[in-house]
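Novice: Letter by letter, the chains look like this.
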Amino acid sequence: MSKEWPLWEVFIRSQHGLAHKHVGSLHAPDGEMAINNARDVYTRRNEGVGIWVVRAADIVSSSPGDKGALFEPANNKVYRHPTFFPMPEEVKNL
Amino acid sequence: MYAQLVETGLKNVRSLDEMSPEERAFQARIDEGVKIEPKDWMPEAYRKTLIRQVSQHAHSEIVGQLPEANWVTRAPTLERKAVLLAKIQDEAGHGLYLYSAAETLGVTRDQLLADLHSGKAKYSSIFNYPTLSWADMGAIGWLVDGSAIINQIPLCRCSYGPYARAMVRVCKEESFHARQGYDIMMSLCKGTPEQKQMAQDALNRWWWPALMMFGPSDAASVNSAQSAQWRIKLFSNDELRQRMVDQTVPQAEYLGLTVPDPDLKWNEETGHYDFGEIDWEEFHNVLRGNGPCNRERLQTRKQAYDDGAWFRDALVAHADKKQTAQAAA
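Protein chains in written order, with my numbering: chain A, 52 to 145; chain B, 1284 to 1612.
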C-alpha cells in the first residue's frame, strides 16, 4: 500500500438557509474524492443540500487547557443577556 | 456483541486510592456524565481499551457485509435486491464512522485495516456463520441487527464523545435493518408451507449464534467492571441478552415460528423469559478461528482490499499529479 490518504472533516448543510454543520470525517486522496465519499457516507438519506470538506490538518483548534483563558471572561458578564434587565409587566415590545 | 470480550489489560478495577490526581479528575468527569473528547487527558488503559472496542465494532460492520453479499444477486425481487444493497451500504458507512472514531484515539486507518487482515484484530463471532437461504437475510436483519440495536442504544450515552456520536448515527439507520429483516420473515411466513419452513430453518440456525453475540456472562469479569466504571459498557452481557430474548420471543410468536429452545418459558415471577443453556464451547471455538466461515470471510475481505489496490493507487497518483500541476502554475 502506498501513502496514507489524508483525513478530511465533513460539513453538511442540511437545508437551504441553515449553516453547514460538522458531521464527521473520512479519508480521501483529494478534495474531489472527499466530496464523493462524503456524499456516500453522510448523505444516504437526504441529509444534505451542500457539502464542505476541509483537510483535518488545516484546522486550527483551541485546546482543552485553554478553556479557562478563553471562556471564563464571559462568565461574569451576565449583563450581555437580555434577561439581566427585568422589565415591568405593563411595558410592552421590549 | 459487535465487540466481544474486550480486554482492558488490568488485573483489578482501579480504586480511587490507586489513581493519580489526573486519573481521579478523569473519573470524576465520567461520573458527572461529562464526555471525554480526543484532546482531553485520558488513562492509557482507557485509550487502548477503546481502540480495541471501537475497532472491533468497526471490523464487525465491515465483515458483516460479506454474509449478506452472498444474496445480492439471488434476491427474489428487484425491490428486495435494492433494499439489501442499501442495507449493505449502510454497514460500510457504519464501519467508516467507527474507524474515524477509533482514529481520534491515535491509531491510523491503515494500521486498523492491517490488524483486521492479519487476523490480529477480532470481529463479532456472528459473521462466521454461513447464509444458506434467502430466509437468512430475514433472520439476520431481525435477530442480528435487532441484537446490535439493543447493544448500541446504551452506547449512544457512553463516555467517549466520538464513539457516542458515531453510535447515534448508527442507531438511526439500524432500525431500518431490523425492520427489513422482519418484513422478509413476514412475507415468508405468509407464503407457502415451504417458504414458512425456510423461515423456521433460518430461525433454528441463527437463534443461538445471535444469543452468543452478547458474549458469556461477565458478572465476575474485571474487564467488564472496569469498562463499566469508565462508562464504555453500560449493561452486563446477561442483561442485554435477556432484553433480546424478552423482545424477540413475542415477535417469533407473531410469525408463528418456534424458537429452537425447549427450555424457553415465560417466568411470571421475574417478568422475563427463562431460556436454555448456551453452548459456550461453540462460541469460543468460533472466536479461535474455527467457525464455519472464519477463513473464508477473512480471505474474501483481504481479496477485496488487494483487488482494489490499483484503483486506490491510481487515485493517489491522480491527486499527486494535480497538486504538482497546481504548484507549477
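Careful: at least some of the hints might be erroneous.
[Claimed, not checked] Pairs of lysine to aspartate or glutamate, EDC-like flavour, derived with a Cα cap of 20 angstroms:
1) B:K1548 with B:E1579
2) A:K72 with A:E98
3) A:K54 with A:E98
4) B:K1322 with A:D117
5) B:K1585 with A:E55
6) B:K1364 with A:D91
7) B:K1405 with B:D1393
8) B:K1604 with A:D81
9) A:K72 with A:E55
10) A:K54 with B:D1590
11) B:K1473 with B:E1456
12) A:K118 with B:D1393
13) A:K72 with B:E1320
Just so you know, these hints were derived from the structure itself, not from any lab.
Novice: Give a verdict on every hint.
Specialist: Quick rundown of the hints versus the structure:
The suggested pairing of K1548 (chain B) with E1579 (chain B) is violated, with an alpha-carbon distance near 37 angstroms, which exceeds 20 angstroms. For the hint linking K72 (chain A) to E98 (chain A), the alpha-carbon distance of about 11 angstroms falls within 20 angstroms, and the restraint holds. Restraint check for K54 (chain A) and E98 (chain A): the C-alpha separation of about 32 angstroms exceeds 20 angstroms, so the hint is violated. The hinted pair formed by K1322 (chain B) and D117 (chain A) meets the criterion: a straight-line CA distance of about 12 angstroms does not exceed 20 angstroms.
At most 20 angstroms may separate the alpha-carbon atoms for a hinted pair to count; K1585 (chain B) and E55 (chain A) meet this at roughly 18 angstroms. Distance hint between K1364 (chain B) and D91 (chain A) is fulfilled; the C-alpha atoms sit about 18 angstroms from each other, no more than 20 angstroms. About 16 angstroms separates the Cα atoms of K1405 (chain B) and D1393 (chain B), which keeps this hinted pair within 20 angstroms; it holds. About 11 angstroms separates the Cα atoms of K1604 (chain B) and D81 (chain A), which keeps this hinted pair within 20 angstroms; it holds.
A distance of roughly 26 angstroms separates the Cα atoms of K72 (chain A) and E55 (chain A); the hinted pair therefore is violated under the 20 angstroms criterion. Taken as a hint, the K54 (chain A) and D1590 (chain B) pair is honoured in the structure, with Cα atoms around 17 angstroms apart against an allowance of 20 angstroms. Between K1473 (chain B) and E1456 (chain B), the direct Cα distance comes to roughly 27 angstroms. Violation of the 20 angstroms bound is thereby established for this hinted pair. Our distance criterion of 20 angstroms between C-alpha atoms is broken by K118 (chain A) and D1393 (chain B), whose separation comes to about 33 angstroms.
Proposed proximity of K72 (chain A) and E1320 (chain B) is supported: the alpha carbons are some 18 angstroms apart, at most 20 angstroms.
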